[in-house]
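Which chain is which? The protein sequence lines are A and B, in order.
Quick note on the working numbering: the first sequence kicks off at 1 and runs consecutively.
Quick note on the working numbering: the second sequence kicks off at 1 and runs consecutively.
Keep in mind that the hints were calculated from the coordinates and are not lab data.
Treat the hints with caution; some may be incorrect.
One copy or two, either will do: identical chains are not told apart, so a pair holds if it fits within one copy or between any two.
Claimed, not checked - Straight-line alpha carbon distances no greater than 20 Å define the calculated DMTMM-like cross-link-like pairs of lysine to aspartate or glutamate that follow:
#1 148 x 209
#2 45 x 72
#3 148 x 24
#4 25 x 237
#5 25 x 233
#6 25 x 52
#7 148 x 237
#8 25 x 207
#9 25 x 209
#10 148 x 233
#11 45 x 60
#12 148 x 113
#13 148 x 171
#14 25 x 185
#15 45 x 171
#16 25 x 164
#17 148 x 60
#18 45 x 68
#19 148 x 103
#20 45 x 113
Chain residues, written in single-letter form:
2 protein chains.
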Amino acid sequence: MRLRDVDLRRSVESERGLFVAEGEKVIRRAIGAGHPVRSVLTTAKRLDALADVVEGAAGETTVYLVSDEVMEGVTGFPVHRGALAAMERTELPSVGALLTGAERILVLEDLVDHGNVGAIFRCAAALGVGAIVLSPRCADPLYRRAVKVSMGAVFAIPYARMTDWHGGLAEVRAAGFRLLALTPDQSAVPLDEVPLSGRVALMLGSEGDGLSSHWLREADQPVCIPMSPRAMDLGVDSLNVVAAAAVACHGLLRNQVPNRVTG
Amino acid sequence: MRLRDVDLRRSVESERGLFVAEGEKVIRRAIGAGHPVRSVLTTAKRLDALADVVEGAAGETTVYLVSDEVMEGVTGFPVHRGALAAMERTELPSVGALLTGAERILVLEDLVDHGNVGAIFRCAAALGVGAIVLSPRCADPLYRRAVKVSMGAVFAIPYARMTDWHGGLAEVRAAGFRLLALTPDQSAVPLDEVPLSGRVALMLGSEGDGLSSHWLREADQPVCIPMSPRAMDLGVDSLNVVAAAAVACHGLLRNQVPNRVTG
C-alpha cells in the first residue's frame, strides 16, 4: 500500500485495526502503551537494537529485513531511524469511561491536520491536561505524523472519540464539566478572566473555520485569547490552533489549584 | 529548478534575490509589502483575477500561461489557487535600524523548520510583538511554506537578520533591550513572574537543542514556561517552539502597559 496516500491509509488502517509506528523510540513507546507489534520493516544494521522488541512478541511478529533503498522505495519516504512497525490499535475507552479520571480536558472538533493534533497532545502532556475527547471526524492521533509531532504524547494522554457529534457535548457536560469554547471572537471573555474551578473542558475548533455554530451554542461560555489591537491591521485575525491550545492550556494550568486535596 | 529541493532553492533564491509567492492573496500581500513581481506562472482561467497584478508591473513581469498539469509538473506540487510568482526580495533593514521602532521583540536562533518560523510570525502579529531578529542561520521567512503558515505575517512584521551570531546579541542589548532566554529548564524563573517593563527581547532556540550555550550565557535572564509536574512522567520534557512562542508572546502582551504614552 502507498504509505503517502492518506485516504487509502485511513480506510486500510482502521479496517484492519492497524497503525504505523516509525523509529525505535516510538515503537517502544507504543509497545509500552500496550499496542502489539504485528510486523517490523527494518534493516539488518538496525535489527540488533530492536532484538528485544521482536523477541518479546515472538511468534506473532513478522520481521522484514530490507536495505535502506528498498525501505524507502516501499514506503515512499526516508524512514526515521530505519524502522517501521505495523502496530495493532487497542480499543479506545468510551467518552464516559475516559472522563471519570480527568479534571481538565480538551475537546477537539474536526481538526484536519495530523501535525496539529500531535502538537496539541504534546501541549496537553506538558501543561497538565488530563484527557482529550475527539469529535467523530477529528484527525487520527495514531497517524504517523501525529505520533511524531506529539513526541509520543499520543501514547501518554488518554483519549476517546465521540460517536455522536450532535449530542456528544451533552455527555461531557453531564460528567460535570464546564464547557468553554475557544473562539477568536474578541468580544468573548478572555480566558484569563474566567474563574476556573472544578472540571473544565476546553473546546478547540478546526483549522479553517473554528468551532461549528452548533458546538458554540452548546458551550457554557465562549472564551477568547486577547490579541493585540494591531493584529487585524497586520492581516492576522486569529492564532493557529496549536498556538491557541498552548496559550489556553497554560492558562488552565496557571489557574489550577495546587496540591488539591480530594476526599 | 526543482521547487521541492530546499538546498537548491536556498542557493538560487538568495543568489538571485528571489522568493516564490503562492496564491493570489499571498502575491498581493507581497506586492503590498513592496516586493516587485519578476514573473508569474498561472493558468488562463486564473489570469483575470491577476490582471491588475500583471498590468501594474507592466513591462517588467513575464507571465507564463500553462495548464494545471504543466504547472504541477514544473513545480512538483499542486499549486495553491493556481498562481505562483517569482518575487524580488527587498533589502532587509539592519538590526540597528529595525530596533529603533520596537518595544517587544523576538530573537530566533537557528530555527530549521520553515513552518515554525511562519507560525511564530503569525503569533507575533496576533500578540503584539513589534519586530523579529533572526540569527544568521535561522530559516528564511520568505520560504514558500513559511509565508503560507504565517498567513502573510512575514510581510507585516518587520525583521532583520544578524550578520554576526557571536556578537549579535550585544547589539540588541545596546539598543536598550533586556534579553530573556526562553528555556525548558524548570529551575529558571517563570516568565509570568518576571516584571516586564521597558524594552524586552525574548530569545527562542532551535527545535532540537533550544538556545546555544553561548546565547544562554549572553542573556540577561533565563525564563521558563512552567510545565505540569507530570510532564516528565509522560515523556514530554518541553513544549514545541511554536507553542512556547505563543505562550511567551501572550505573557508579554498581558504584561504590556496599555495605552502607554511615549514622549
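Going through the hints against the structure:
In this assembly of identical chains, residue 148 and residue 209 lie within 20 Å of each other by CA distance solely across copies; the values are 17 Å between and 25 Å within a copy. In the homo-oligomer, the alpha carbons of residue 45 and residue 72 lie at most 20 Å apart inside one protomer (15 Å), although the nearest pairing across protomers, at 38 Å, exceeds that limit. Taking identical chains as interchangeable, the C-alpha atoms of residue 148 and residue 24 lie at most 20 Å apart only when both belong to the same chain, with a minimum of 12 Å there against 33 Å between chains. In this assembly of identical chains, residue 25 and residue 237 lie within 20 Å of each other by CA distance solely across copies; the values are 15 Å between and 38 Å within a copy.
In this homomeric assembly, residue 25 and residue 233 come within 20 Å of each other (Cα to Cα) only across copies, at 16 Å, whereas the closest approach inside a single copy is 45 Å. In this assembly of identical chains, residue 25 and residue 52 lie within 20 Å of each other by CA distance solely inside one copy; the values are 13 Å within and 53 Å between copies. Taking CA atoms no more than 20 Å apart as the test, residue 148 paired with residue 237 passes between copies only; the shortest distance there is 15 Å, against 29 Å inside one copy. Taking identical chains as interchangeable, the C-alpha atoms of residue 25 and residue 207 lie at most 20 Å apart only when they sit on different chains, with a minimum of 18 Å there against 29 Å within one chain.
When the C-alpha separation of residue 25 and residue 209 is checked against a cutoff of 20 Å, the pair qualifies only between copies, where the shortest distance is 18 Å, while the shortest distance within a copy is 35 Å. In the homo-oligomer, the alpha carbons of residue 148 and residue 233 lie at most 20 Å apart only across protomers (18 Å), although the nearest pairing inside one protomer, at 36 Å, exceeds that limit. In the homo-oligomer, the alpha carbons of residue 45 and residue 60 never lie at most 20 Å apart, since the shortest distance is 22 Å inside one protomer and 56 Å across protomers. Proximity of residue 148 and residue 113 under a CA criterion of 20 Å is satisfied in both settings, with 13 Å inside one chain copy and 15 Å between copies.
Proximity of residue 148 to residue 171 under the C-alpha cut-off of 20 Å is found in neither arrangement, the shortest distances being 31 Å within a copy and 38 Å between copies. With identical chains, the CA atoms of residue 25 and residue 185 are never at most 20 Å apart, being 41 Å at best within one copy and 23 Å at best between copies. Taking the shortest alpha-carbon separations for residue 45 and residue 171, neither the intra-copy value of 50 Å nor the inter-copy value of 49 Å comes in at or below 20 Å. Taking identical chains as interchangeable, the C-alpha atoms of residue 25 and residue 164 are never at most 20 Å apart, the minima being 35 Å within one chain and 37 Å between chains.
When the C-alpha separation of residue 148 and residue 60 is checked against a cutoff of 20 Å, the pair qualifies neither within a copy, at 25 Å, nor between copies, at 45 Å. For the identical chains of this complex, residue 45 and residue 68 are intra-copy neighbours only, at 10 Å inside a copy versus 44 Å across copies, given an alpha-carbon limit of 20 Å. When the C-alpha separation of residue 148 and residue 103 is checked against a cutoff of 20 Å, the pair qualifies neither within a copy, at 26 Å, nor between copies, at 36 Å. Taking CA atoms no more than 20 Å apart as the test, residue 45 paired with residue 113 passes in neither setting, with 34 Å inside one copy and 29 Å between copies.
When held up to the earlier numbered hints, the structure conflicts with 11, 13, 14, 15, 16, 17, 19, 20 and fits the remainder.
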